[in-house]
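Novice: For the record, the sequence lines run as chains P and H.
Start counting the first sequence at 1; every next residue gets the next number (our numbering).
Start counting the second sequence at 1; every next residue gets the next number (our numbering).
Mixed in with the good hints, there may be bad ones.
What the hints assert, rightly or not - Example chain H residues on the side facing chain P (calculated, C-beta under 7 Å, incomplete): (1) P114; (2) T424; (3) V432; (4) I433.
Unchecked claim - Straight-line C-alpha distance at most 35 Å; calculated DSBU-like pairs for lysine-lysine: (5) K26/P <-> K147/P; (6) K102/P <-> K203/P; (7) K425/H <-> K147/P; (8) K26/P <-> K267/H; (9) K80/P <-> K255/H; (10) K194/P <-> K151/H; (11) K425/H <-> K203/P; (12) K151/H <-> K267/H; (13) K147/P <-> K537/H; (14) K135/P <-> K425/H; (15) K425/H <-> K102/P; (16) K425/H <-> K255/H.
Said to hold, decoys possible - Listed next, with one range per pair, are the computed distances between beta-carbon atoms: (17) A342/H <-> E18/P: 32 to 42 Å; (18) L430/H <-> P47/P: 55 to 65 Å; (19) M535/H <-> D248/P: 48 to 58 Å; (20) E191/H <-> V89/P: 30 to 40 Å; (21) I72/P <-> A409/H: 27 to 37 Å; (22) A409/H <-> V89/P: 24 to 34 Å; (23) A409/H <-> G49/P: 48 to 58 Å; (24) G355/H <-> I72/P: 51 to 61 Å; (25) A409/H <-> Y23/P: 42 to 52 Å.
By construction, these hints were calculated from the structure, which means they are not laboratory data.
Predicted model, so just to flag it, every value in this text is computed and none were measured.
For glycine and all other residues, C-beta sits at the position ideal for the given N, C-alpha and C.
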Amino acid sequence: MASSERSQDNNSKITVEETNFFYGEKQALFNVALTVPTHQVTAFIGPSGCGKSTLLRCFNRLNDLVEGARLIGRICLDGKDIYDPSVDVTDLRTRVGMVFQKVNPFPKSIYQNVVYGPQLQGIRRRSVLDGIVEKSLQGAGLWEEVKDRLHHSALSLSGGQQQRLCIARALAVNPEVLLMDEPCSALDPISTAKIEELLHSLKEQLTVVIVTHNMQQAARISDLTGFFLMGELIEYAATKTIFTNPSDSRTEDYVTGRFG
Amino acid sequence: MSDRIKKFLDSGTLFVWLCGTAVAASLLMVGGVLLLIMINGLGFFWPHALVEMTLTDGTHVLGELKGEEVIPHSETPEFPEGKTRVRLKVGNRDLYGLDFRWVDTDQITSADFPKDVAAFERREWGNFYGRIREVSRGEAVVASGNQEGWKALQPLIERANDLHDEIEHLQRDVIGDINYEIEETRLRIRELGLQGQRETPEVAEFQADTNRLETRYRKHVETLRALSRKLDEHSVLLVETNGREKRLVVGQIVKALRPNDMGFFEKMLRYFMNFWSVLSEEPREANTEGGIFPAIFGTVMMVLIMSVAVVPFGVLAAFYLREYARQGLIVRVIRIAVNNLAGVPSIVFGVFGLGFFVYAVGGTIDNLFYPEALPTPTYGTGGILWASFTLALLTVPVVIVSTEEGLSAVPREYREGSLALGATKFESMLRVILPCALPGILTGLILAVARATGEVAPLMLTGVVKLAPALPLDHHFPFLHFERKFMHLGFHIFDVGFQSPNVEAAKPMVYVTTLILVMVVIVLNLSAVALRNYMQKKFKASAV
Numbered sequence: 001m002a003s004s005e006r007s008q009d010n011n012s013k014i015t016v017e018e019t020n021f022f023y024g025e026k027q028a029l030f031n032v033a034l035t036v037p038t039h040q041v042t043a044f045i046g047p048s049g050c051g052k053s054t055l056l057r058c059f060n061r062l063n064d065l066v067e068g069a070r071l072i073g074r075i076c077l078d079g080k081d082i083y084d085p086s087v088d089v090t091d092l093r094t095r096v097g098m099v100f101q102k103v104n105p106f107p108k109s110i111y112q113n114v115v116y117g118p119q120l121q122g123i124r125r126r127s128v129l130d131g132i133v134e135k136s137l138q139g140a141g142l143w144e145e146v147k148d149r150l151h152h153s154a155l156s157l158s159g160g161q162q163q164r165l166c167i168a169r170a171l172a173v174n175p176e177v178l179l180m181d182e183p184c185s186a187l188d189p190i191s192t193a194k195i196e197e198l199l200h201s202l203k204e205q206l207t208v209v210i211v212t213h214n215m216q217q218a219a220r221i222s223d224l225t226g227f228f229l230m231g232e233l234i235e236y237a238a239t240k241t242i243f244t245n246p247s248d249s250r251t252e253d254y255v256t257g258r259f260g
Numbered sequence: 001m002s003d004r005i006k007k008f009l010d011s012g013t014l015f016v017w018l019c020g021t022a023v024a025a026s027l028l029m030v031g032g033v034l035l036l037i038m039i040n041g042l043g044f045f046w047p048h049a050l051v052e053m054t055l056t057d058g059t060h061v062l063g064e065l066k067g068e069e070v071i072p073h074s075e076t077p078e079f080p081e082g083k084t085r086v087r088l089k090v091g092n093r094d095l096y097g098l099d100f101r102w103v104d105t106d107q108i109t110s111a112d113f114p115k116d117v118a119a120f121e122r123r124e125w126g127n128f129y130g131r132i133r134e135v136s137r138g139e140a141v142v143a144s145g146n147q148e149g150w151k152a153l154q155p156l157i158e159r160a161n162d163l164h165d166e167i168e169h170l171q172r173d174v175i176g177d178i179n180y181e182i183e184e185t186r187l188r189i190r191e192l193g194l195q196g197q198r199e200t201p202e203v204a205e206f207q208a209d210t211n212r213l214e215t216r217y218r219k220h221v222e223t224l225r226a227l228s229r230k231l232d233e234h235s236v237l238l239v240e241t242n243g244r245e246k247r248l249v250v251g252q253i254v255k256a257l258r259p260n261d262m263g264f265f266e267k268m269l270r271y272f273m274n275f276w277s278v279l280s281e282e283p284r285e286a287n288t289e290g291g292i293f294p295a296i297f298g299t300v301m302m303v304l305i306m307s308v309a310v311v312p313f314g315v316l317a318a319f320y321l322r323e324y325a326r327q328g329l330i331v332r333v334i335r336i337a338v339n340n341l342a343g344v345p346s347i348v349f350g351v352f353g354l355g356f357f358v359y360a361v362g363g364t365i366d367n368l369f370y371p372e373a374l375p376t377p378t379y380g381t382g383g384i385l386w387a388s389f390t391l392a393l394l395t396v397p398v399v400i401v402s403t404e405e406g407l408s409a410v411p412r413e414y415r416e417g418s419l420a421l422g423a424t425k426f427e428s429m430l431r432v433i434l435p436c437a438l439p440g441i442l443t444g445l446i447l448a449v450a451r452a453t454g455e456v457a458p459l460m461l462t463g464v465v466k467l468a469p470a471l472p473l474d475h476h477f478p479f480l481h482f483e484r485k486f487m488h489l490g491f492h493i494f495d496v497g498f499q500s501p502n503v504e505a506a507k508p509m510v511y512v513t514t515l516i517l518v519m520v521v522i523v524l525n526l527s528a529v530a531l532r533n534y535m536q537k538k539f540k541a542s543a544v
């Protein structure tokens with residue numbers, strides 16, 4: 001009863017209701033329920049294999065690709081079940097963008113990387129695409145660095161630049177939600193700082209869900225934090241609470257570095 | 001002691017040496033093959049010196065020196081090493097019966113290289129070596145003596161070659177076109193006849209066309225005769241080294257050289273001219289003389305058609321197997337079958353091509369679309385299309401395997417990244433995965449081209465011929481004539497080397513053809529490699 005009320009709440013972007021997830025026989029998520037609020041940064045933390053990435057990939061249905069993957073439950077975006085058969089998956093994915101752990105710009109030029117999504121939506125006008133490229137690269141804080149070499153290969157950029165290009169690429173389709181799966185785990189501290197800085201400005205425009213291994217990072221950037229352990233959501237609350245006054249002892253053990 | 005041996009073995013030094021030896025042996029073998037082909041093939045174009053020998057019995061021998069060897073079982077007390085003999089190409093097949101002759105070294109009393117002897121390349125009977133006695137026009141002598149005759153002969157040969165070009169143009173282009181049109185008209189009339197129209201105005205019109213064409217044909221044949229008569233106007237009386245005479249119509253001479261009188265640069269020039277004429281001319285004398293242009297053309301065109309046919313099929317099949325099909329037992333079995341297909345002897349593919357493409361598909365096409373030409377088959381007989389398709393079938397496993405490898409090398413992150421941007425699976429494949437897999441696909445193409453260029457056995461069943469009357473590409477609509485038979489370098493080697501009546505004289509031609517086949521393979525491969533590198537550059541990092 002309480003959950004359905006919450007899903008109509010204007011403040012909630014994604015609502016997860018009593019969701020179980022299976023890879024074949026193996027269950028990866030157990031009765032997870034949470035709400036991701038709009039224009040906030042939500043972080044998922046937890047040890048490896050705890051199911052936080054799995055949940056993230058449920059939000060844009062990227063788990064559909066895995067053979068034998070099965071979801072029981074309900075995940076709603078703006079109150080609408082995204083696993084409903086009537087939902088167009090490609091449409092969902094333009095609304096819910098994603099940035100991956102492994103930096104993955106396509107082996108094309110910087111420009112072509114950014115316009116990839118818009119072109120899929122049928123935008124062909126050069127002037128429109130140019131505008132999108134500039135806006136997206138500025139949104140990802142990369143414009144000043146690459147504006148003179150837009151037609152160079154994306155693979156000629158540094159690791160941190162490549163990851164910001166991936167963010168720009170995701171921004172180019174104007175998503176409402178941006179999923180980030182450990183976006184900084186392969187980057188140096190300076191690049192990491194740049195991306196964290198970026199998140200602060202990004203949340204003005206959209207909702208961010210980020211999975212991270214780095215607890216300081218979660219503490220620095222997120223408004224809410226969910227702690228996962230072995231497929232269960234142990235605790236989900238404001239970041240400050242999680243890190244200073246967790247209600248579950250397991251959360252306390254994890255955030256204080258006693259295990260994990 | 002055994003400890004040290006064990007240590008030595010364990011250190012791997014022996015293994016390194018073994019590996020190195022294997023590489024060196026392979027390189028030596030490849031290098032040896034190439035060197036042998038190059039020496040024998042490239043030597044062919046050089047204007048060889050003519051040696052004139054006087055023998056102990058007073059007779060003379062004139063010809064090109066081709067080699068020297070010890071006579072087998074000729075060891076005597078005086079000659080413990082054995083006696084030697086030399087091999088000469090003496091030409092003059094019409095007089096001697098043979099092109100080559102052995103001369104025992106101890107029979108030779110003197111040998112020199114007279115500057116006034118000439119080698120005449122003829123349109124029939126091979127080369128003539130000797131001197132000129134007189135040049136005449138009809139019955140009247142124009143020039144007599146070797147020197148005078150040589151000078152008089154040069155412009156005559158040039159004129160004769162021009163006349164030959166004119167005759168060939170007339171025969172091939174003008175009369176060939178008329179014949180082509182007559183045949184087309186005949187087929188139209190027959191087609192109308194099959195539809196039950198025999199006396200209609202349309203038929204009459206075609207009949208009139210035929211008559212007009214035949215009148216034109218007869219007129220051109222007259223011109224042709226006149227030109228041929230012109231060719232016979234001049235003749236030259238040649239004399240071989242022992243004084244036997246031979247009268248030759250100037251039109252029979254392709255070129256005359258005095259190799260002993262030529263400087264190095266002159267020979268060099270002649271070398272490249274000879275090389276070019278082999279590349280660009282048609283074969284003569286049962287393929288043993290002249291050029292091999294139709295064979296080069298046929299080989300390249302067949303490989304191109306094969307590439308166009310094999311790549312889409314192989315790539316689509318690989319995409320299905322790797323991207324769409326459920327990876328299970330069936331796909332595994334298919335993959336094993338595909339790999340085994342690559343190991344099936346090529347002649348089996350030839351038999352299949354003959355049975356399936358030529359008789360089944362070709363026969364059906366003939367019945368449906370070319371009934372007017374029957375019983376002469378159009379597609380129901382071997383042709384360049386069926387040969388190319390047979391080779392495509394032969395090479396499709398290679399393309400499938402390398403495309404699959406290319407596809408599996410595309411990182412999962414690219415697929416996910418594309419899907420996460422709202423692309424469908426098809427869009428991802430077209431725009432991200434295919435470009436990434438392109439180098440793999442092109443590697444498959446390179447391997448396929450390399451295999452297809454060298455294949456001969458299946459072609460012999462599906463459309464290769466010793467001598468093709470026309471190229472499969474010409475100016476008649478629709479320009480590409482896929483049903484035509486064609487010539488092929490590999491088959492040319494087999495034919496010239498093993499099927500010609502004059503094997504010894506054809507030997508240089510075999511090496512030249514081999515050399516050119518190797519060059520064609522290299523050129524085709526290099527262009528595919530260049531294409532791959534270009535694609536790689538285009539789709540991978542341009543500046544890292």
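Novice: Each hint needs a verdict: does it hold in this structure or not?
Specialist: Right, here's what the structure says about each hint:
1. P114: violated (69 Å)
2. T424: holds (6 Å)
3. V432: holds (6 Å)
4. I433: violated (10 Å)
5. K26/P <-> K147/P: Roughly 47 Å separates the two Cα atoms, so the pair is violated.
6. K102/P <-> K203/P: holds (22 Å)
7. K425/H <-> K147/P: The hint holds at about 31 Å.
8. K26/P <-> K267/H: Not satisfied, since the Cα-Cα distance of roughly 82 Å exceeds 35 Å.
9. K80/P <-> K255/H: The hint is violated at about 90 Å.
10. K194/P <-> K151/H: Status violated; Cα separation ~90 Å.
11. K425/H <-> K203/P: holds (30 Å)
12. K151/H <-> K267/H: holds (19 Å)
13. K147/P <-> K537/H: Satisfied, since the Cα-Cα distance of roughly 22 Å is no more than 35 Å.
14. K135/P <-> K425/H: Holds. K135/P to K425/H sits at ~27 Å (cutoff 35 Å).
15. K425/H <-> K102/P: holds (20 Å)
16. K425/H <-> K255/H: violated (67 Å)
17. A342/H <-> E18/P: 32 to 42 Å: violated (54 Å)
18. L430/H <-> P47/P: 55 to 65 Å: violated (39 Å)
19. M535/H <-> D248/P: 48 to 58 Å: Holds, at about 55 Å.
20. E191/H <-> V89/P: 30 to 40 Å: violated (56 Å)
21. I72/P <-> A409/H: 27 to 37 Å: holds (36 Å)
22. A409/H <-> V89/P: 24 to 34 Å: holds (26 Å)
23. A409/H <-> G49/P: 48 to 58 Å: violated (27 Å)
24. G355/H <-> I72/P: 51 to 61 Å: holds (57 Å)
25. A409/H <-> Y23/P: 42 to 52 Å: violated (25 Å)
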